[in-house]
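S.K.: Here is what each chain is made of, one letter per residue.
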Amino acid sequence: MAEDKGSILELIKKVLFTDFVKGLTVTLGYNVSRSITHKYPDEEKWVPYRRFRGVHTLNRTEDGRELCVACELCSKACPTQCITVIPMEDDTGRGIADRVAKVWKVDLVRCLYCGYCEDACPTRAVRLSREYELACTDLSCTVRQREELLKPVQVPESFEGGVVAKSEFLRSKRGIKVKVDLSSTRKRSL
Amino acid sequence: MPDTSTIIEFILIIVKAGAIAMVLFGLPLPLTWLERKIAGHIQVRLGPYRVGPHGLLQPFADMIKLLMKEDIIPYKADKLLFVIAPLLAMVPAFAVFAAIPFGEKVTIPGLDYELTLYLSDMNVGILYILAMSGLGIYGIILGGWASNSKYSLLGGLRSSAQMISYEIAVSFAVIGVVMLANSLSLLDIVRAQGGNILHWNILYLPVGPVWFFIFIIGSTAEINRIPFDLPEDEGTLAAGFHTEYSGMKFAFFMLAEYIAMVTVSVLAVILFFGGWNAPFYIPLPIPPIFWFVAKVAFFIYLFMWVRFTLPRYRYDQLMNIGWKILLPLSLVNVLVTGLMRLYL
Chain A
1 MAEDKGSILE LIKKVLFTDF VKGLTVTLGY NVSRSITHKY PDEEKWVPYR
51 RFRGVHTLNR TEDGRELCVA CELCSKACPT QCITVIPMED DTGRGIADRV
101 AKVWKVDLVR CLYCGYCEDA CPTRAVRLSR EYELACTDLS CTVRQREELL
151 KPVQVPESFE GGVVAKSEFL RSKRGIKVKV DLSSTRKRSL
Chain B
1 MPDTSTIIEF ILIIVKAGAI AMVLFGLPLP LTWLERKIAG HIQVRLGPYR
51 VGPHGLLQPF ADMIKLLMKE DIIPYKADKL LFVIAPLLAM VPAFAVFAAI
101 PFGEKVTIPG LDYELTLYLS DMNVGILYIL AMSGLGIYGI ILGGWASNSK
151 YSLLGGLRSS AQMISYEIAV SFAVIGVVML ANSLSLLDIV RAQGGNILHW
201 NILYLPVGPV WFFIFIIGST AEINRIPFDL PEDEGTLAAG FHTEYSGMKF
251 AFFMLAEYIA MVTVSVLAVI LFFGGWNAPF YIPLPIPPIF WFVAKVAFFI
301 YLFMWVRFTL PRYRYDQLMN IGWKILLPLS LVNVLVTGLM RLYL
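So the protein lines, in turn, are chains A and B.
Here the first sequence is numbered in the numbering used here, starting from 1 and rising by one per residue.
Here the second sequence is numbered in the numbering used here, starting from 1 and rising by one per residue.
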């Protein structure tokens, strides 16, 4: 029989269960390693990187005036025509110019979160925030109005992101909400 | 009128049997939790986590669910066999423990009474265990047959074929141990391995480890665990022999399966790892039952660990391993062991 050295070695390996032991070592390593599961939503929550494109937000200046000048460039740039802007004249100092938005609404079920609107915006008024919890039980929450979008977002743009933050799961009559605590975060384990 | 000591003896046996049955009924609860936890962590998940701290109450939730579930008997099933099959699977699994020793005599402090940590010291204990665990297969075959479903039937048939192929190898492995201990009694087998780790059967070189591997591979096949879980191969047979079962009947099958795993772990410890003997002399008063439980726990973990490491064997590979490798190997091993016993 022409048995070369390689096949004898293979036989010895088989008898000593080397491949089997190798497999067991790998799984044992995983068994003792840290799990990558996030205990979302009641213990921790993933805060995405800055580049993340979530729900739109309308920004204000530091003294509280709306940055939006209702130029309608965002709705023109929008590939799905999900943004509706109706301008009006206002000289009470609500906005940074005399032209402000009477209506600024976005249809979130049509939006594809491409970010063209924030690119088109000349005043950096519209930005895509890092909010991604959009589920709801009826169609009422699919269209976001200007008043809602003007509220400050949970994760400010200055926050670096890419971390897992402590969170709190809030349940109320109006719905559910996940509140993040940005002061205590940890890196994602991988 | 029997004297007092006989009555005490009698009551003690009932109490011990009851205690063992309670432990065995309770054991699958932590074991399912452990299995799912180990599965989770090996797959870098968390496993059950929400019900109770670290999911500890998950088995109770499962139990309640199984109790509440509708107990379906398929329209064309053989009603009687369908109902008794889970019991046929479960009862032998419990009956095995009548012959399994958990330790030598212990003296109860205060009462000054000697308590034996086994139900009965049968002089043919190991034969009884092999016979009883072999009976468990009837539950699976009949369950598969009575369901009147192709998947169940195939699962049952597979398990019978698997049992026939691997029971032989396991019996040979046990014969090897019996040759080393010169007794069929499990107590004597453990006593023969007394002393330190070097007296354990696994270290009876060169045949000990071979016997052990034959035993553990054959037993894994007999208790239908991965990599030999062809009777419930979910890839091809839906759920195998218990496809049509639901509710508590399904739970009985699972119970039998977990207890079979415990039985095999216990047997592996008794036959090859010195039972309740300490591996080396430790100048501390550690009770022998500690070593026993620790070793059994290791084997239970090993079974779960292997389950989430290896893929399932193909059916022809299973047969090849059983008939072409394990059987000739155990025959040769019987010869070598016999020669070693005669001339060493």
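Be aware that one or more of the hints could be misleading.
[Stated by the list, open to error] The calculated lysine to any residue pairs, modelled on SDA-like cross-linking and capped at a C-alpha distance of 25 Å, are:
1. A:Lys-166 - B:Leu-46
2. A:Lys-14 - B:Phe-298
3. A:Lys-179 - B:Gly-52
4. A:Lys-173 - B:Arg-50
No lab work stands behind these hints: they were computed from the structure.
S.K.: Taking the hints in turn, state whether each one holds.
M.R.: Against the structure, the hints:
1. Simply put, Lys-166 (chain A) and Leu-46 (chain B) have alpha-carbon atoms about 18 Å apart, close enough for the 25 Å limit, and the pair holds.
2. Distance hint between Lys-14 (chain A) and Phe-298 (chain B) is fulfilled; the C-alpha atoms sit about 24 Å from each other, no more than 25 Å.
3. For a cut-off of 25 Å, the pair hint linking Lys-179 (chain A) to Gly-52 (chain B) stands: about 23 Å separates their Cα positions.
4. Distance check on the hinted pair: Lys-173 (chain A) and Arg-50 (chain B) sit about 23 Å apart at the alpha-carbon level, within 25 Å; holds.
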